[in-house]
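J.: Please model the complete structure; the sequences and the hints are all you need to start from.
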Amino acid sequence: MAHDIIVLGSGPAGLAAAVAARGRNKSVQVIGNRWQDSPLAKAERVDNYLGMPGRTGTEMLEEFYRHAEALGVEFVVGRAISLMAWNGFMVTVGAEVCEGRALILAPGVQRQAKYPGEAEYLGRGVSYCATCDGMLYRNKPVAVVGRSHDAPQEANYLKSLGCRVTYVSAREPQGLDPDIPFVKAGRLTVRGEGTVTALEADGKEISCAGVFILRPAVAPTDLLPALETENGVIKVDRRMATNLEGVFAAGDCTGGPLQVSKAVGEGHIAALSACEYLDQQ
Amino acid sequence: MMVHFSKEGFDKALEQGGLMMVDFWADWCGPCKMLGPVIEDLAGQYEGKAIVGKVNVDEEQELAIRYGVMSIPTVIFFKDGKEIDRKVGVMPAGAFSQVLDQNQ
Numbered sequence: 001m002a003h004d005i006i007v008l009g010s011g012p013a014g015l016a017a018a019v020a021a022r023g024r025n026k027s028v029q030v031i032g033n034r035w036q037d038s039p040l041a042k043a044e045r046v047d048n049y050l051g052m053p054g055r056t057g058t059e060m061l062e063e064f065y066r067h068a069e070a071l072g073v074e075f076v077v078g079r080a081i082s083l084m085a086w087n088g089f090m091v092t093v094g095a096e097v098c099e100g101r102a103l104i105l106a107p108g109v110q111r112q113a114k115y116p117g118e119a120e121y122l123g124r125g126v127s128y129c130a131t132c133d134g135m136l137y138r139n140k141p142v143a144v145v146g147r148s149h150d151a152p153q154e155a156n157y158l159k160s161l162g163c164r165v166t167y168v169s170a171r172e173p174q175g176l177d178p179d180i181p182f183v184k185a186g187r188l189t190v191r192g193e194g195t196v197t198a199l200e201a202d203g204k205e206i207s208c209a210g211v212f213i214l215r216p217a218v219a220p221t222d223l224l225p226a227l228e229t230e231n232g233v234i235k236v237d238r239r240m241a242t243n244l245e246g247v248f249a250a251g252d253c254t255g256g257p258l259q260v261s262k263a264v265g266e267g268h269i270a271a272l273s274a275c276e277y278l279d280q281q
Numbered sequence: 001m002m003v004h005f006s007k008e009g010f011d012k013a014l015e016q017g018g019l020m021m022v023d024f025w026a027d028w029c030g031p032c033k034m035l036g037p038v039i040e041d042l043a044g045q046y047e048g049k050a051i052v053g054k055v056n057v058d059e060e061q062e063l064a065i066r067y068g069v070m071s072i073p074t075v076i077f078f079k080d081g082k083e084i085d086r087k088v089g090v091m092p093a094g095a096f097s098q099v100l101d102q103n104q
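Here the protein sequences come in this chain order: A and D.
Okay, so the first sequence: first residue is 1 according to the working numbering, each after it adds one.
Okay, so the second sequence: first residue is 1 according to the working numbering, each after it adds one.
Derived by calculation from the structure, the hints in this document are not laboratory data.
Take the hints with a grain of salt, since some may be wrong.
Derived CB-CB ranges, DEER-like [stated by the list, open to error]: (1) A:G72 to D:D80: 54 to 64 Å; (2) A:E99 to D:E59: 22 to 32 Å; (3) D:P37 to A:D47: 26 to 36 Å; (4) D:K49 to A:E99: 26 to 36 Å; (5) A:Q174 to D:D80: 21 to 31 Å; (6) A:T197 to D:E83: 19 to 29 Å; (7) A:E99 to D:D85: 24 to 34 Å; (8) D:E62 to A:Q259: 48 to 58 Å; (9) D:E83 to A:R45: 54 to 64 Å; (10) A:Q281 to D:E62: 40 to 50 Å; (11) D:D85 to A:Q259: 26 to 36 Å; (12) D:D41 to A:G232: 29 to 39 Å; (13) A:E99 to D:M1: 57 to 67 Å.
In silico negatives: residues of chain D with every beta carbon more than 12 Å from chain A [claimed, not checked]: (14) V3; (15) E15; (16) Q16; (17) L19; (18) D27; (19) G44; (20) G48; (21) K49; (22) D58; (23) Q61; (24) T74; (25) G81; (26) V90; (27) L100.
What you are looking at is a predicted structure, and each value in this text was computed from that prediction instead of being measured.
The beta carbon of each residue, even a glycine, is placed where N, CA and C say it ideally should be.
T.: And the structure:
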C-alpha cells in the first residue's frame with residue numbers, strides 16, 4: 001500500500017518531518033537505520049537545543065523516536081538501496097518495496113567517499129545488496145566491506161548461501177560468524193579485469209569475484225542521479241524543495257550547520273511543503 | 001506482451017535474431033520487483049517492434065551464468081542473436097526505451 005510520504009532517514013530531520021506530516025494527517029513511512037545508530041547517539045551532551053540543555057544524544061533521539069511512533073509513524077529498519085520515480089516513488093529495502101506519493105530525503109551526511117574502483121565495477125562484481133545478489137556468488141569468494149551496524153549479519157547471510165566470505169573493516173565486527181575470516185584494513189581498492197578479481201586491503205590483495213560494500217546509507221545522489229547538488233550538498237529552496245518534483249530534503253544533507261535544531265526546523269518545513277504538494281495533486 | 005523465458009524459449013527467440021530486451025530478475029530482489037512494472041509497460045509499448053521478456057535467475061541459472069549476470073536487475077539487449085547493450089540496476093523507463101529506439 002502506498003503511503004502519502006516516504007521519509008529516508010531516521011535522525012532528527014527525518015523524525016521531525018514525520019511528526020509534522022502526521023500533524024497534517026498524512027500517512028508516513030520512515031526508512032532508516034535504528035535510531036540508536038544515528039551519529040547523534042554518540043553525542044555525550046547537547047547543550048544548544050532550545051529549552052532542553054544537558055541531554056545526551058541518545059536521550060534526545062529516543063524521545064524524538066517515541067514522539068513519532070506515538071503519532072502513528074510507520075518505520076522500516078534498513079537501508080534504501082534503490083529508488084524509482086514511477087507513479088509516485090518506489091524505494092527498495094532488501095526484498096521489500098515501499099511506495100509513497102512524496103519523498104523527503106533526510107539521510108544525514110556521508111562521511112565516506114567511494115573507494116577507488118568501486119564505481120567502475122558496480123554491477124560487475126561490486127554490489128550494495130547482499131539480499132539481491134548473494135545467490136549469484138554461491139560457491140564463490142566474496143569480500144564484505146562492513147561499514148554499517150548490520151554488515152556482520154549480512155556477511156553471515158552470504159555465508160549461509162554458500163559464498164566464501166572474507167569480512168573487511170577498520171574495526172573489529174560484532175556478531176560476525178567466527179568461521180568468517182576478518183581482515184582489519186582501512187585503505188581499500190577494488191581491482192578487476194572486466195569484472196572484479198580482488199579487493200586490495202591496506203596493500204594486500206584478497207582474491208574475490210564479488211565485493212559487497214555495506215554502508216549505513218546509499219548516497220541520495222546514487223539513489224536519484226538527477227538530484228541537483230551544490231558544493232557536495234543537496235540543493236534546496238526555502239521550502240526545502242529539491243530540483244525534482246515531489247522530492248524534498250532536510251537536515252545535514254542540505255549543508256551546515258550540522259545541528260539538531262537546524263535539522264528539526266528543516267524537517268518540519270520539508271514536511272509542510274510535501275503536504276502542500278500532495279494537497280495540490 | 002511480456003514473455004517469461006525458459007532456457008529453451010530464450011534460445012529459440014535469440015535464434016530468430018530480432019531486437020530483444022531481457023530482464024534478469026528474482027523474487028528475492030526488491031529492486032527487481034520495483035522494475036517489474038516498467039518492463040511490463042515497455043513490453044506493451046514495443047509490441048511488434050521488439051521482444052520483451054524476463055528470465056528468473058533462480059530457475060534459469062544457466063542463462064545467468066552464460067551472460068555473466070553479477071547483479072540483478074540486469075537488462076540485456078540482443079540483436080541478430082548478439083548482446084548489444086546492458087543496463088545494470090534500477091533505471092528510469094527512458095534508459096531502456098532509448099536503446100530500443102536506437103536499434104529499431
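J.: Is it correct that the beta-carbon of K49 (chain D) has no partner in chain A closer than or equal to 12 Å?
T.: Label holds. Min Cβ-Cβ 22 Å, cutoff 12 Å.
J.: Looking at Q16 (chain D) again, its CB stays over 12 Å from all of chain A?
T.: Consistent with the label, Q16 (chain D) stays out of reach of chain A, its closest Cβ about 28 Å off (over 12 Å).
J.: Check the following: the C-beta atoms of E83 (chain D) and R45 (chain A) are separated by a distance inside 54 to 64 Å.
T.: holds (59 Å)
J.: That 48 to 58 Å hint for E62 (chain D) and Q259 (chain A) (C-beta), does it hold up?
T.: The hinted range 48 to 58 Å holds for E62 (chain D) and Q259 (chain A), with Cβ atoms some 56 Å apart.
J.: Please confirm whether L100 (chain D) is truly not at the interface, meaning its C-beta sits more than 12 Å away from all C-beta atoms of chain A.
T.: holds (18 Å)
J.: At 12 Å, judged by beta carbons, does Q61 (chain D) keep clear of chain A as stated?
T.: Since the minimum Cβ distance to chain A is about 9 Å, Q61 (chain D) lies within 12 Å and the statement is violated.
J.: Find the nearest Cβ of chain A to the Cβ of V3 (chain D) and say whether that gap is larger than 12 Å.
T.: holds (22 Å)
J.: Is 26 to 36 Å right for how far apart the beta carbons of P37 (chain D) and D47 (chain A) are?
T.: violated (50 Å)
J.: Verify that the Cβ of D27 (chain D) lies farther than 12 Å from every Cβ atom of chain A, and report whether the claim holds or is violated.
T.: violated (8 Å)
J.: Say whether it holds or is violated: T74 (chain D) keeps its Cβ farther than 12 Å from all Cβ of chain A.
T.: Non-interface label on T74 (chain D) violated, nearest chain A Cβ at 7 Å vs cutoff 12 Å.
J.: Would you say the C-beta atoms of K49 (chain D) and E99 (chain A) sit inside 26 to 36 Å of each other?
T.: For K49 (chain D) and E99 (chain A) the Cβ distance comes to about 30 Å; the hint holds.
J.: Regarding the assertion that E15 (chain D) does not contact chain A, is the least Cβ-Cβ distance greater than 12 Å?
T.: The claim holds: E15 (chain D) sits with its nearest Cβ about 26 Å from chain A, beyond 12 Å.
Hint compliance for this structure: hints 3, 5, 11, 13, 18, 22, 23, 24 and 26 are broken, all remaining hints hold.
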